[in-house]
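> Each chain, letter by letter, is given below.
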Amino acid sequence: MRVAEIMDRDLTAILETCPIGKAIRILHIHRMSGLPVVDEENHVTGFISEKDIVKAALPKYMNMLTDSSFLPDYGQFRKHLLDISDEPVKRFMRTEVITFNEDDSDFNVASIVLKKNIKLAPVLRDGVMVGIISRTHLLEHMLGMEEGVDTFINEM
Amino acid sequence: MSLHAWISILVFVGAIFTIARGYLTRATATLLGASFLMFAKVIPADVGFGFIDFNTIGLLIGMMIIVGVLSRSGVFQYVAVKTIKFTGGNGFLLFFSIIIVTAILSAFLDNVTTVLLISPIVLSLTDLLGLNPVPFLVSEAFASNIGGAATLIGDPPNIIVGSFAGFSFVDFLINLSPIAIIILLVCGSFLAFVFRKDLKIQSDRTDRLNAVDETKLIKDPALMKQSLVAMILVLLGFVVHHILHLEASVIALFGAGLLLTIIPVAGPEVIHEDVEWPTLVFFGSLFIMVGALKETGVILNVATLMSRMLVGHKFLAVLAVLWVSGFSCIFINPVAFAAIFVQVVNELALGLGMDSAPLFWALAMGACFGGNGSYLGATANVVLADVAERNGHPLSFAYFVKIGLKVVILSLLICSLYVVFRFRGI
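So the protein sequences, as listed, match chains A and B.
Numbering follows my numbering, in which position 156 of the first sequence is assigned residue number 162; successive positions increment by one, without gaps.
Numbering follows my numbering, in which position 146 of the second sequence is assigned residue number 135; successive positions increment by one, without gaps.
No wet-lab data here; the hints were simulated from the structure.
Backbone N, C-alpha and C define an ideal beta-carbon position, used for all residues, glycine too.
Be aware that one or more of the hints could be misleading.
[Said to hold, decoys possible] Sample of chain A residues at the chain B side, in silico, Cβ under 8 Å: (1) 22; (2) 25; (3) 64; (4) 65; (5) 66; (6) 67; (7) 70; (8) 71; (9) 72; (10) 75; (11) 76; (12) 80; (13) 82.
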């Protein structure tokens, strides 16, 4: 099956100039773990996830410590997060984005999703975002549950 | 000089240049150089391989495995945090505790490993105390090079010099440890004076230091106890290796083998992750390239030139080797420099008809302490500059050199006094 047939045509995305604080709000409202970042013409220029934001708010030396539990909590995480909440998404987004084309097969998507450990990825046509494909979405469609999980469970 | 001699020089200089400019990694550049020299028959392959010092390589492998197992227990970071906490939040004591812990660890661990273990502790605790981490990080780099100079296993140039000259672990303790301690204290005081404004801690922040719970750093208390016992046994082995007529590498490798047998960690995992294979390729290739310089007569030419200038001045020769090594290692990788200069010094001693030992000590001191001059030479400095930059504190090259050069000159002056005191009778 082509990705175009199973993708979500929801075009929710974040602009590069969007502040981190607002991006967190958008992720929360849409219940997404991450979203593509686009320019004014809907070209995908990056991807920002909750994980990227947490990483940005933590000092880099945390990565070098095998365990940071020896450090007392003096509100350092909140302070760092507040510090970056007005910064544009562009500063912290990942610029190497995994994307799919409308003609890619579901098989290919499933294998890349597994290999790259991603939850969702934008689907492009000539570099412009036309939808997104997520792990849940992919699995639902494979089992013919387009109408929704409830119908599927009822049928069972 | 022959065509082959010129080719070996060209290949060597080319490799050092490409490494310094960052075109190729040190393992790649030297592997290409060494294999080319054998491919072009500048040096026959069997002769080339004969130059690889397997005592140095074995000692490196053994220590990498031992340290790899020990660092998994969290003991090194535990010791560092415990010591820093002990200062009770006094800025100067904090500064000295960091450089002393770094120097001591570095005397027994590889410099880069030490810096990678201590720098996240320094960064997290300076963040906690609201201090600028830069003075602490820079001083940590200096301390790791100074501490590394203290023992046979502390710094690769020492391993090369020790192996070539046949110096034992105890020889290093007698000849280099005292001078390293003096230099650490003098340079530490100098650095504390330079950075005095950055060492003041606001009193309300010191409570945070007391809330640090270093016991959480110990992942596996049983592993830590076993590791400490193993480390003590290995150190005892080093102390007596010359009495047993065993190379230091044999002690390290045997210790590594026993440690992997006793301690329930996956051997292949440690061997794969903690033995730095690119470093070993670099050392092996470097020895072959130096072998080509020796076989084609370049080393002898350099040594003859030096001995002609220094004829009749044995004492001056020791000082010359010290300062030439020190200043060269500001710019050149100290390992590469030591690998060549053990050969040069050997010929020079023959040319001047003197005991080679004082010259070898001068070389070891110069190569270790000179590395502090910039981050072109000593690898620990580059690694630390990189860590600082990733944490949002870029260290400019000029800034590093401005302080580093003073540390080098101060260290070499102290070494010169030591040379005067120790070798004036030769």
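> Confirm or reject each hint.
Hint-by-hint comparison with the structure:
no.	hint	in the structure
1	22	22 Å, violated
2	25	20 Å, violated
3	64	11 Å, violated
4	65	6 Å, holds
5	66	5 Å, holds
6	67	4 Å, holds
7	70	4 Å, holds
8	71	5 Å, holds
9	72	7 Å, holds
10	75	5 Å, holds
11	76	4 Å, holds
12	80	6 Å, holds
13	82	7 Å, holds
Violated hints for the displayed structure, listed by number in ascending order: 1, 2 and 3.
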